[in-house]
Structure formats: C-alpha cells, structure tokens
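Asks: If you want the building blocks of each chain, they are given just below.
Protein chains: 4
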Amino acid sequence: MSDTRDLRVAVLGVGVMGADHVDRINRRISGARVTVISDASAERAAEVGASASDAQLVTDPFEAIAVEDVDAVLLATPSAAHAEQALACVNAGKPVLCEKPLATDAEGALEIARREAELGRRLVQVGFMRRFDHEHERLKSLIDAGELGQPLVMHCVHRNPAVPPRCDSATVIWNSVVHEIDATRYLLGEEIMAITVLRPTPSSHAAEGLQDPQLVILETETGRMVDIEVFVTSGVGYEVRTEVVGERGSAMIGLDVGLVRRTDPGRWGGQITPGFLERFGQAYDSEVQRWVDAVRAGGGSGDCVDGPGAWDGYAAAAVCAAGIRSLETWDRIEVDMVPRSTVDASARVEPEQSE
Amino acid sequence: MSDTRDLRVAVLGVGVMGADHVDRINRRISGARVTVISDASAERAAEVGASASDAQLVTDPFEAIAVEDVDAVLLATPSAAHAEQALACVNAGKPVLCEKPLATDAEGALEIARREAELGRRLVQVGFMRRFDHEHERLKSLIDAGELGQPLVMHCVHRNPAVPPRCDSATVIWNSVVHEIDATRYLLGEEIMAITVLRPTPSSHAAEGLQDPQLVILETETGRMVDIEVFVTSGVGYEVRTEVVGERGSAMIGLDVGLVRRTDPGRWGGQITPGFLERFGQAYDSEVQRWVDAVRAGGGSGDCVDGPGAWDGYAAAAVCAAGIRSLETWDRIEVDMVPRSTVDASARVEPEQSE
Amino acid sequence: MSDTRDLRVAVLGVGVMGADHVDRINRRISGARVTVISDASAERAAEVGASASDAQLVTDPFEAIAVEDVDAVLLATPSAAHAEQALACVNAGKPVLCEKPLATDAEGALEIARREAELGRRLVQVGFMRRFDHEHERLKSLIDAGELGQPLVMHCVHRNPAVPPRCDSATVIWNSVVHEIDATRYLLGEEIMAITVLRPTPSSHAAEGLQDPQLVILETETGRMVDIEVFVTSGVGYEVRTEVVGERGSAMIGLDVGLVRRTDPGRWGGQITPGFLERFGQAYDSEVQRWVDAVRAGGGSGDCVDGPGAWDGYAAAAVCAAGIRSLETWDRIEVDMVPRSTVDASARVEPEQSE
Amino acid sequence: MSDTRDLRVAVLGVGVMGADHVDRINRRISGARVTVISDASAERAAEVGASASDAQLVTDPFEAIAVEDVDAVLLATPSAAHAEQALACVNAGKPVLCEKPLATDAEGALEIARREAELGRRLVQVGFMRRFDHEHERLKSLIDAGELGQPLVMHCVHRNPAVPPRCDSATVIWNSVVHEIDATRYLLGEEIMAITVLRPTPSSHAAEGLQDPQLVILETETGRMVDIEVFVTSGVGYEVRTEVVGERGSAMIGLDVGLVRRTDPGRWGGQITPGFLERFGQAYDSEVQRWVDAVRAGGGSGDCVDGPGAWDGYAAAAVCAAGIRSLETWDRIEVDMVPRSTVDASARVEPEQSE
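Chains as they are written, first to last, in numbering that gives the first Met the number 0: chain A, 0 to 354; chain B, 0 to 354; chain C, 0 to 354; chain D, 0 to 354.
Honestly, I wouldn't trust all of these hints.
Said to hold, decoys possible - Under 10 Å between C-beta atoms, here's a sample of chain D residues computed to sit facing chain B:
| # | residue |
| --- | --- |
| 1 | GLY145 |
| 2 | GLN149 |
| 3 | PRO150 |
| 4 | ILE216 |
| 5 | THR221 |
| 6 | VAL225 |
In short, the hints are calculated from the structure, not lab data.
Even glycine gets a Cβ: it sits at the ideal position worked out from N, Cα and C.
All chains, please: the whole structure from these sequences, using the hints.
Replies: Printed below as a string of structure tokens:
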C-alpha cells in the first residue's frame, strides 16, 4: 500500500455510530474510503451503503474482514461481538479500530492482547475517543506539566438523557463507566487496583432492575481515588464532567458553556450538548484520522496504532469485570489483572498513550 | 448627640425604596432608628409606619425635616422633589442621604453643592449605592492597583424587565443612565466631557414615545470612551454588567452566576436577579450603615458624608442634562460644568470618592 | 425583657470567629449589644474588648454565663469546651448560639438535647450558618419545590487553603465535614444512616499523620448517597461547592464567579473567596440577626431558636463520631442514633429546619 | 470532473494562513488535494511544498491560476492582491475561495461582483469563516427562530494580543473590523447603512500612529445598532465575543470557558484561545470542505459557492471604505452602495447566506 493511495476500510456494524463513521471516513477526513459495509440487517446495510456508492455490501462480518481490497477494519458492531471480530482481524494481520469495549469480559480482551504481542506488531486500537478530545488533551497536558502537583482525587460525572429499554446495570458499566475507567488511566497514568459500585436510591425513571444512578469509586495503584456518578436516565442531556484535584490545585472540564442566552423571564443559561456525537464529534474525527494515518504509515509490517491499544482495552475490561462483581456483591472488589510483562515483555509499565 | 445614642432618622417618601430603607434602618443595620416618616400618601405612611412603631407620621416633608428629634434625613421622595428637599436639609444643618438623582436639572444640583460649600461642612450624600457593592469595589481596586493598566474603554449594560407606563425617554436617563454616569466617574476617576445618545430601533414592547433601548456614548476628560446599552423593557430581568478594558487587560462584573441548574431537557442555567433590591441589597445596607456612622462621627459640626457627595450629584446631573439634549437633537453634546474650584476652593480636582 | 430594649449578649471565646461576632453584634446587625466578653487569654479579651467599650471582661466562662445583665450567650470557644458550656446555658435558662460542633462526642450533644427537651423550651441554636446563606437557601427552595424531582445523589467539595499545624484527621471531620453533614440533613431533609471515610493518597503538603484529602461517603435513611471531598491543605483558596442530582435534573452552587479578569497573557479568571468569613459573612449576619430576633421574641419563657437546634447538633455529632470510627477502621460504619421520640416526644420526625 | 476524482486546488500565498490551508486540504478534509502552490517567496513556497509532495511550484500567481490541472483556486495572498487575482479566476472560469477582504476598495469588489453576474454563475466565495463556526451558527439559528424577538442592538468585542509593526489604523478596519461587518450582515440579515469610528485614548502599547482601540458604531437599514470594540494590541489573547439583544432577550457567544483551573493561590480561571487558528480551526475546516463539495457539485457549469459570495465581499468592502473615511474625518459616514439589482437582476434583496 503506497502512501498516496487511500486506505480501504471495512466498517462492520452500521448503527448510529457505524453510520457516522462511514460518513466520517468518506466525507470528513482524508486518506481513507469505505470499501466494505457489513451489518446484521441487510436493509440497514443497504440504506447506509446508498450514501457510500463505492462500498460493497458483505453480510458476514468475518467474510468482510477477509475481503482482499480491505486494508483495515473499523468495528462498530454490538459490544458482545467485538472480541471475536477483533481477534479475527489480528489473525488476518489487518489493523482494526474497535469501538469500546474491546471485549465484554477480561479474558476475551486478554486473548487479543496476547495474540497481538505474539505477532510483535500493534494492530488493535480501541475507540476511547476522549483521548482525542481537545479539552481532555488540555487537562492531560496540565497534569503532565505538573501544574496541579501530584493528582490525588478525581471527580467524574457521566449523564445520558435516556437509554434503550434493554439497558441493564451491567451494560451501564461496560458501555458508560468504561469511558471513565479509561479516562482515569489516561489522565492519571496508572492502573486501577480496586472498584466499588455503590447503589444510591434509584431514579423512578429507570426501568425495573436498572440500578441508576450508580456511584463508582476507583482506587489506583498508588492510592489515588476517583468518584464517578453515572446516571443514564437523567432526562436532561449528555453531560460529561471531569475534575482532577492535585496537591497544588484542581482543574475541571465539561462545564459546557457556549452560547449563553437570557431570554426567558428571569432565566439565563445555555444548551446542554444533546448527545455524544455532538460533544465528541471532533474527537471522533481526530481519532479516525490519526488511526488512518498510522495504518498508512505502518504499511504491511509496522505498528498500526496511534491511540489506546489492546492493553488499554484489556485493562478497561478487567476493571469493568470487577465492577460487575461489585455491583452484584455490594462489596469493594480488587481488580485482577495479569502483569503486563507476561503479555508483552517489551511493554512500558505505564498505560499506553498516544505517541 | 453622643456616640452611644442611636441616630434619629426621618425617612421622606416611603414607596418601595423608602419602605425598604425604613426596614433597613430599624432591622438590618445598627446605630440608627427611624423617628419620623413622611409621605404624600397618608395611607401609605401609616402602612409603613405600622412596622416602625416608634416613628411619628408627619405629612409635610419640610416639617418632617424640621422636627427636633430628627438628627438626619433620608430622602426617597420622587426625583423631582429631591433638590428642594435636600436644600432644606442643608439649610437646616441636617445631614441628608438623598436617593439619586440629586436634582433633575444641573442648576438645582449646583445650588446645593454651592450652599454646602458655603457652610464649609459636608452634609449631602447621594445614593449611588454601587460604590458600596462588593463587585464594584473589587473592580475599582483592580483598576486602582494598576492591574488593567490605563483604562481605555468601558462597556456597560443596564437592563430592567419593565418600567411603569409613565416612564419616558428622559426619565430613563435621569433614573437609569445616571447610575452608569456615576459608575464611570467612580471607576475611571475623572469627569465626563461629552455624551451622545443614539437611538436604535425601539422595542415594540416599549410604550409609544419611549426610546428603548438607548445606546449612550460617554467621553471622559482624557478621552476614554464608555458605551452603555440601557434597555428598560427587556422583559427578562434586572441585568447590570460592567467591563473595563485597559492597556494590560480587562475585567467584567455582573455575570450573575450563582445557582446553576440543569433541569429542563437540554438546558442549563440560572436565575437572573429579579430586581435592584435583590442585586444591590448588600450595597444599600453598607451605604446606609456607613452614612449613619459618618453622621454620628460628624456630630453637630463635622462632615457627615462617607460616599458620593453633592459634587458627585451635580456632575451626574450635568451629564444627564447634556444627555437629554443629545436625545432631543440626535447630536453629540459637550457637557457644560462649572469648574469645581468655583464651588469649593479646597476641593480636590478628581471626583469625590468614599474615604 | 421588652421588645425595644437591646438583647444583652455574652460572647465566650474571642478568637477570629468570636471577635467577628462581637463586631457583628455591635456594628452590623440591630437589636443586640455585647455586654460580656470572655476568653481564656485575658490579653486577647482586653484587645477585643477595647473595640466594644460597653462590654465587661469576665475570665471564667461559667461566671460569664451567669452575669445578670446577660440575656443570651454566643459560644465561640474551642470545640472541646462547647458541650459543657452549652449545657450550663441551658441549665441557667439562657438562650445560646453555639458555634459548630455542639459537642465533640455524640453523648455530650445528646445530653444537651435531652436536657432542653425536659425544659420544654428550645434554647440551643447551633452555628450551621450555611442554612442562612442565600445560595444554599435557593438550592433548598429548588429541591423543596420539586424542580429537581426526588434527590438521589449529592456531590460536595470543601477545600481550605491551609490549617493550623495541630489539625489532625479527626479534627477535619469535627470541624469541616460537620458542615457537609448538616448541609446533607438540611438539603435532603432526612437523617444519615452510614458513613465511610476513604483515604486517597495524602498530599505531601499535609502534616505528618494528617489524612488529607479525605473522601467521605454518606448514606441517608432512604438510600440517597453523598460524596464529599474534604481537602484542608489545598493551597489554593476556600472553596465550597454543592451539587444535588435528582430524578429530573441537577443544580450546583459555589462556582464562585464574580469579577472575571482577563489580564495575564492567555489567561482569564477570577479570585477564589479567600476564607469562610468572606464567603459566608452574609450568612453569619443573617444567622445572628435572626437568632437575636428569636430570643427577643421568645422572651423569658418561649422558644429562643430560629435555625438548627440541639437535635441538629446531636445528629451531626453522631455522624461525626461514626466518621471517626470509619477513619480508624477503614470500614463503612452505620450511624448509631437514639430515636428522636426518646428525646422529645413531640418532635417532628424530620431534621429541624428554620421556620 | 467526475464526482469521485479529487478536486485539484491551487493555493496562492502560503504564509501562516495559506500554509494552514494546504495542510487542511491535504490532511484534514476529504475530496481535494493541492496541485499548485504559489508564493512571492520561492523559498517559502518550497518549504510549504515539501510537505505537499504532489504540488507543483509556480511563482507567478496568474500562471498558477491558469495551470491546466487546477480546478479551483484558494487565495491567501496579501489583501491588496486579492481583487486582481480573484478577477483573474472569474475570467478564467475557475472557482475561487478568497480570504477576506475580497478587495481593499469598494470598486474592486464591485467589479468582481459585476463580472461574476455577467457570467451568470457563482464562482467567488469569500473567507468569512465565522459563518461556519458552530457558536455563530447556533446564535444565527436562535435569532432566525425568533427566540430573541426582533434584534435591536449588538455588542462585539474583537481583541488580538498583538499585530505586526506595519499594521496601521486602516488595516485594522480592513482586516479585523471586516469580520464584525460580515457578522452583522450574517446575523442580522440586512445591509449596513452608516458607520462611525470613534477614537478612545490609544493604548501606549500601540505603535505611533495606530489608533487602538477603536470603537465602531454600525447602523443597519432598519435602524439596528452595533457597537464594536476592536483592540489589536491588547496583550492578553485572541478574544471574540458577540452579544445580540432583541425584544425578547439576549444571547452571547465567545465566553471562552473550557478547562477551568484553580491552581494559583486565590485564583481560578482558564486559558484564552491564543489565536484565530485555534479559535476558528473547526470553522476553517468546515468552510473549505463545503466549498470543495460545492465546486465538485457545480462541475464545469454550475454555481461553485456554498457560503458568502462576491456580493458579501462587496458589501463588506463598501462598509470598510466608509469606515476609513470616518476614521479620517471623525464623522459618521453613510455607506455608499449600488443597489444589488444593478449588479444581479435575479438577486435576492437580503445578504447572501449559506444555503
């Protein structure tokens, strides 16, 4: 694959997220185009494919991965399918950008990380797009420059206006808390050692059996603590707020001030970002553009990742799995992770970061 | 009058503002009590007097000023009555706190300033309460400490939700713009040399004949400029915002952030202060407490002012009068003021300020 | 005591807080004056007394309580002395405004609550001044009006720039967390059933042995949860932030926006309130004014409280005591409180509130 | 030119802005690539060209326009060169995206608008990138949805930290105020009829002869008024703030809140966007992407504009020219514009807007 040819991408799963990625690759970033589209629903695949006239429709995801004029794969299928499909990409030697989570159990994620390490070449990038968000990048820079002193405590808020009816308490951890888990690892630069999931009075707007909100406490290797409010039926908007408190000061992102209006009698205010695409659109664009560049630069034999990799996917999965146990047992659960050196002898000790 | 006896105050005019002053003197500050209440409406006087059982009701304002057990007078009568009543106080040798404006023409204010100067004793304080507001004080300190460098430009916004039906374009200048005129003199520390009143498209919510909003440009002695939006039928709330721009930076007060709510779907925001009593309650309390302390300290022969005085009242009146001419002629009008030394030979050149 | 005579107050303990109360009573509020000052340091008492010329100096606090021309007592002595002195006030039938905490163990507070209940007359008010702060009052109103729906979770931040060298981990709970405990009871209107004190990596600026920051989790009777960051060596400023999250939305106070400056190259921002007197000065004024009014209205036989009372002091003490055990054992501790009906048969079930 | 082939773009002028456009076209948007680079400095052209290996270097701008495999031209040359080069593009039938201003006198801009109208095909787009900025778009939507009622007054602030030494008072109008002129036409949807340039005390940081800050007043056809502070040696940061005040409320953009830090003792705040590329990077990306799409859709015979066109460039130039006269004469100057129908009989009366 020469540097001047566009990267040919298969997009697997074209729901809201996947369809947005198709549009992103074809219209909003450079250097890539979608050549294969795959979805469990042939109707949905055809609908999305209509706007991407060059793309071939392939029903079976594993066939889609194998298509010859596919250089790389973007996985936006349901979470439960990620592990097997990502592993297939690694086995086929094809770079893959896998939406979070990498797997819905720690074992599945670990197998991918191990297989990639055996190959000696980084092929798996995980879609933790906040690492590409300008506000998160600024917060990370502030911490790394030592302007907050040693970080000690972190406060996170993650609210969605609503979730689909089938969403249960465990899904909240695998799909929402997982972002805060990666943000913790990214911002604080160390692994998470324990997790406690607390259960405040549930909202009456949450479906039967859904524990919402949840209050999650993370503890890192060196003893820093993170509290997370995750509330997915808040009814208000999409709100993501992160505050890091260090020895020398604190910093917060996510106050969501943009246009401020003073129209209603006696009221001032603005609009809360309605959803994740609006809030993190720029981050998704940067993530996919940088992944495309990395894959093109990696060519057929080099590393193909510029962002969180398989180990980050595994680490998040291990913490989520412990979170599920905490949710079930009401206890603090210590996170059970294999030492990184047993997966990749050459790995740095700290969490992977964008280079 | 010994230092331990309460100051006996006559309150003239007990509409919204005057009644609030009665409550303030009797319940919210120390060292004073209301001994005389006067109002054109006997019914209103009785109503307010009921909550101030020690106070005597006196219908005629000039008799009220003359009552023997009145040490000082607080004037909250209609603006047009201020000049004559304040002059009566000066002539009776009684300290007076006069709500703004000191007079509704420059001549009336000048006469008071001259008469006071002849007495050689400061008795007249004008109710520019912003000089006692913590945010204004902080902005003033920042400027005086040189942290903005030389001030060059100032932006003011002054909005009321609504005004009484009889309010006309000139009243807006005498009652609302007058605050911005004093704020300019207070914050920038110099006199205003010219005023231009511009007439943007009027709001359809403004009564026939009321120019609203108005856009006012002030020019100071040294050439600094101030733009003022005054909009008294905004329908939204009471909003006062002031930004000073200097050679080394800018500073703004009045953003009105307090409680921030995120309740309505997709909206965040807060409540705009509903009116001037809520916004400047603390300032009124400080103003009256400090005036009471100054009058008690001044005793029967010393100065009885701790705040803007007669000259400040005159300066504001002169600028307002020029503003009215600008409103009528659509022209830039140079302000016509007598030199301060012709009124009071010992006066400092700069605008008076709280000591 | 007639309604027109000033309330005669003894102030016990005239450190920073007590001296400020002396100034408040004599200069900033109406209806009261300080007639007795008492302090362990005769020198300090004389110094503060110099500005309150009418006040008599009495060394022994119990003698000071007993002085005949003392109508009521304001306790600002060290925390450890509160319980015995407050009890002496109750036994002498004198109203007392006791700075928080009411006692430094739950038993001491309970004894006071019981003794007051036996008298059948409320004499004890506790200095939880946030209940008088306008922002807290607005947040309370919003909750009570149902605008947030049922409250589910609350986030609190309490930071001081620094503490005296002798401050230990338990003192942080009795002196700082106690405010959040009362704020929880005030805002959510129910008792706290369990407390967990977590220990994040301590700041290197904290003295040896001081666990700082602490992360505290409260659980209320109905299962609502509160997370509290308390960080008393933050080095930055005095920051108090409270967010309540309900079924229908959230609201936050304490963002501390006032004057916004843009002076340093590339930076905008404002000033953090330097300390509790600046942040809560208005609240202290309202608290003492309303207490004075309540005592004057209560006369010699009625209730003399307008604010948090002895039961509130006991409830806070019981939670603090449980917090100390959590700090020692690293465990979640259930709060051990006697039923309110065993103290006062007529009591409402919910926490006391200002009427 | 088929829809699937990339648009081949010549970039003329590769200073800061032009080089950024080269990078944008080749790396940040899709559907286009740079095939020709031209700059007065051969060295600079070579330097920028090194990162765009496919591009041919052509010294003469008119030759560059004429190169056969150039489908469209992006003009980022010095302002004085725009008119002649844009005209050459029109005459060659090549679509052009011309950085603002379209010309440095009204006549030059008018000639381009006339020539384009004769062709009967829209080829000229002007680089008023704010029309593509999300905050400006949201403000525009709010106005158009009637949520502010009829707009009456608008307040603009435009600050740069510094300007090159050669920048004079007129350049400030042609390069900075021109943005506010177009923002006024875009947001209020009507032409500007008069301009007054006021001269406050100049900053001592402004070079000899540079009037800075300037206070500019615009009046629209229907009498709305706009005040503009333009201050290009503010020393602080790049600050663009716009507030529209209507009959039913107001709205403001540009408060520049993102990451909020509390690190310095006693200070809270954030970072001001350092420059226009950081502030409006997203807007430039959208602008160029949409222009590329429009040119590709227009093919060889249709309109090739999706954004402000030649008439917008002319209108801005006419107001700027009047502004220069106001700057020279200290007077209010009425804007002299030819009726739009004399240029293009089919034109809508209102200002052009993105479709």
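Asks: All hints are to be evaluated individually against the structure, with a verdict given for each.
Replies: Evaluated hints:
no.	hint	result
1	GLY145	13 Å, violated
2	GLN149	7 Å, holds
3	PRO150	8 Å, holds
4	ILE216	7 Å, holds
5	THR221	6 Å, holds
6	VAL225	9 Å, holds
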